[in-house]
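Same order as they appear, the protein sequences are chains Y and R. Under our numbering, the first sequence is numbered contiguously, ending at residue 809. Under our numbering, the second sequence is numbered contiguously, ending at residue 594.
For the record, the hints were derived by calculation from the structure and aren't laboratory data. Source: prediction; values computed, not measured. Where a beta carbon is used, it is the ideal one built from N, C-alpha and C, also for glycine. Do not take every clue at face value.
Unchecked claim - In silico SDA-like pairs for lysine to any residue, Cα to Cα no more than 20 angstroms straight-line:
1) R:K481 / R:A444
2) Y:K705 / R:S362
3) R:K481 / R:T360
4) Y:K705 / R:G451
5) R:K481 / R:A445
6) R:K481 / R:S362
7) Y:K705 / R:D370
8) Y:K705 / R:D421
9) Y:K705 / R:V396
10) R:K481 / R:G451
11) R:K481 / R:H357
12) Y:K705 / R:V405
13) Y:K705 / R:T360
14) R:K481 / R:V396
15) Y:K705 / R:Q366
Stated by the list, open to error - Covered stretches of chain Y (in silico footprint by chain R; criterion: 3 or more residues with CB under 8 angstroms from a CB of chain R, positions within the stretch not fixed):
16) 721-727
17) 738-745
Each chain, written out:
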Amino acid sequence: MIDKTQLWTVIVLLGIGSFALRFAFLGLIGNRAMPEWLLRHLRYTAVAILPAIVAPLVAWPAALEGQTDPARLAAACVTLAVGYATRNVILSIVLGAGTLYLGLYLAG
Amino acid sequence: MHDTTRSAYWQGARDGAPFIFVVSPFAMLFGVVSAEAGLNVFEALAFSVVVIAGAAQFTALQLLQDNAPTFVALASALAVNLRMAMYSAALTLHLGAAPFWQRGLIAYFLVDQTYACSVMAYERNKGWGLAQKTAYFFGTMTPVCPMWYVMTLVGAWAGTAIPPDYALDFAVPITFIALTAPMLRTAAHRAAALVSVVMALGFAWLPFNLGLMVAGLAGMITGAQIELRLRARGTWVDP
Numbered sequence: 702m703i704d705k706t707q708l709w710t711v712i713v714l715l716g717i718g719s720f721a722l723r724f725a726f727l728g729l730i731g732n733r734a735m736p737e738w739l740l741r742h743l744r745y746t747a748v749a750i751l752p753a754i755v756a757p758l759v760a761w762p763a764a765l766e767g768q769t770d771p772a773r774l775a776a777a778c779v780t781l782a783v784g785y786a787t788r789n790v791i792l793s794i795v796l797g798a799g800t801l802y803l804g805l806y807l808a809g
Numbered sequence: 356m357h358d359t360t361r362s363a364y365w366q367g368a369r370d371g372a373p374f375i376f377v378v379s380p381f382a383m384l385f386g387v388v389s390a391e392a393g394l395n396v397f398e399a400l401a402f403s404v405v406v407i408a409g410a411a412q413f414t415a416l417q418l419l420q421d422n423a424p425t426f427v428a429l430a431s432a433l434a435v436n437l438r439m440a441m442y443s444a445a446l447t448l449h450l451g452a453a454p455f456w457q458r459g460l461i462a463y464f465l466v467d468q469t470y471a472c473s474v475m476a477y478e479r480n481k482g483w484g485l486a487q488k489t490a491y492f493f494g495t496m497t498p499v500c501p502m503w504y505v506m507t508l509v510g511a512w513a514g515t516a517i518p519p520d521y522a523l524d525f526a527v528p529i530t531f532i533a534l535t536a537p538m539l540r541t542a543a544h545r546a547a548a549l550v551s552v553v554m555a556l557g558f559a560w561l562p563f564n565l566g567l568m569v570a571g572l573a574g575m576i577t578g579a580q581i582e583l584r585l586r587a588r589g590t591w592v593d594p
């Protein structure tokens, strides 16, 4: 169970922080250019952070107390392959979820 | 409203409309996952209204469920949102002269879809002035952002009715993989993601989910370094 104080702290501070990121240039800095080295690192934030969140969840799912699960592994691979090939987010979610349920069904 | 301004607004609304089909299931999923995590309907809705950023909301919620400390949940979710600062910088060229209160509203509604539509439209319509550009931006927001709130609410209501054997713990991993896969367009992006996965697994033993921070930083540095190498060799292609 998530602690309510912690939940609201995160909601409010994340809201303020996200707004600050969105407002930073538009509102305060204007047309000054950002340094190239910073832009170069910012380009990779999403592809560096999201896989780092996902990898342990795929390898050691908490719902199974960290037991590696073939159905979840297969679902992750299918989602990745479809997303990479088609760039269609919804299609890859649907096929990934389909693989997961098929795998869980086959495993009984 | 001036005629061309009005037509820019409606053009924005039309261009934003297809994203309803992307945003709605995603928002609903957030509602469902929130309910599963024990949030009530009001808390789920507040999350979506205050933060209005899907991937960051899922990140924060996942880490809270994993009992991560507040600062780790915040830092990770904000890192996911760092791209918003790039959007902000890109739109400043076009909308930087708008009144302060309008820039505040634009910043609040600056999400992947409104940004993508707007920069493409500004490229196509080089003759647009500030009024048309601003109207277009608010046009793109009109179908997308209210849908984010409404469908979060629907998901949060439906959520508790979904039985546990639907393996909803895996909704977040599948969604994140689906969001990331289309971004792996260059060798630098692929290397960043690969290093991030290896480091996240290798440093999973670190306390406070700090393995995530290590992996994220390592991934970003890897991406930037590979990009530099490719540029030096003259084989870099902008994604």
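**Report entry** Straight-line alpha-carbon gap Y:K705 to R:T360, limit 20 angstroms
**Finding:** violated, 45 angstroms
Requested in this report: Below or equal to 20 angstroms on CA atoms is what counts here, so check R:K481 against R:S362.
Outcome: Given pair R:K481, R:S362 holds - Cα atoms ~15 angstroms apart, limit 20 angstroms.
Requested in this report: For the pair we were handed, R:K481 and R:A445, check the Cα-Cα distance against 20 angstroms.
Outcome: Given pair R:K481, R:A445 holds - Cα atoms ~15 angstroms apart, limit 20 angstroms.
Query raised in the report: Are the Cα positions of Y:K705 and R:V396 separated by 20 angstroms at most?
Result: holds, 14 angstroms
Query raised in the report: Holds or violated: are the alpha carbons of Y:K705 and R:V405 at most 20 angstroms from each other?
Result: The given pair, whose Cα atoms are some 16 angstroms apart, holds under the 20 angstroms limit.
Query raised in the report: Taken at face value, is the distance from the CA of R:A444 to the CA of R:K481 at most 20 angstroms?
Result: At roughly 18 angstroms apart (the allowed maximum being 20 angstroms), R:A444 and R:K481 satisfy the hint.
Requested in this report: Starting from Y:K705, check that the Cα of R:Q366 is at most 20 angstroms away, please.
Outcome: violated, 42 angstroms
**Report entry** Per-stretch coverage check for the region 721-727 of chain Y, three Cβ contacts closer than 8 angstroms to chain R
**Finding:** Three-residue rule met by the region 721-727 of chain Y, so holds; n is 6.
Report task. With a cut-off of 20 angstroms on the C-alpha distance, tell me whether R:K481 and R:G451 pass. Result -> holds, 16 angstroms
Report task. Quick one: see if chain R covers the region 738-745 of chain Y, three-plus residues with Cβ-Cβ under 8 angstroms. Result -> As far as the region 738-745 of chain Y goes, the hint holds, because 7 residues have Cβ atoms under 8 angstroms from chain R.
Query raised in the report: If you draw a straight line from the CA of R:K481 to the CA of R:V396, is it 20 angstroms or shorter?
Result: violated, 44 angstroms
Query raised in the report: Does the structure keep Y:K705 and R:D370 at a Cα separation of 20 angstroms or less?
Result: violated, 39 angstroms
Against the hints set out earlier in the document, violations occur for numbers 2, 4, 7, 13, 14, 15.
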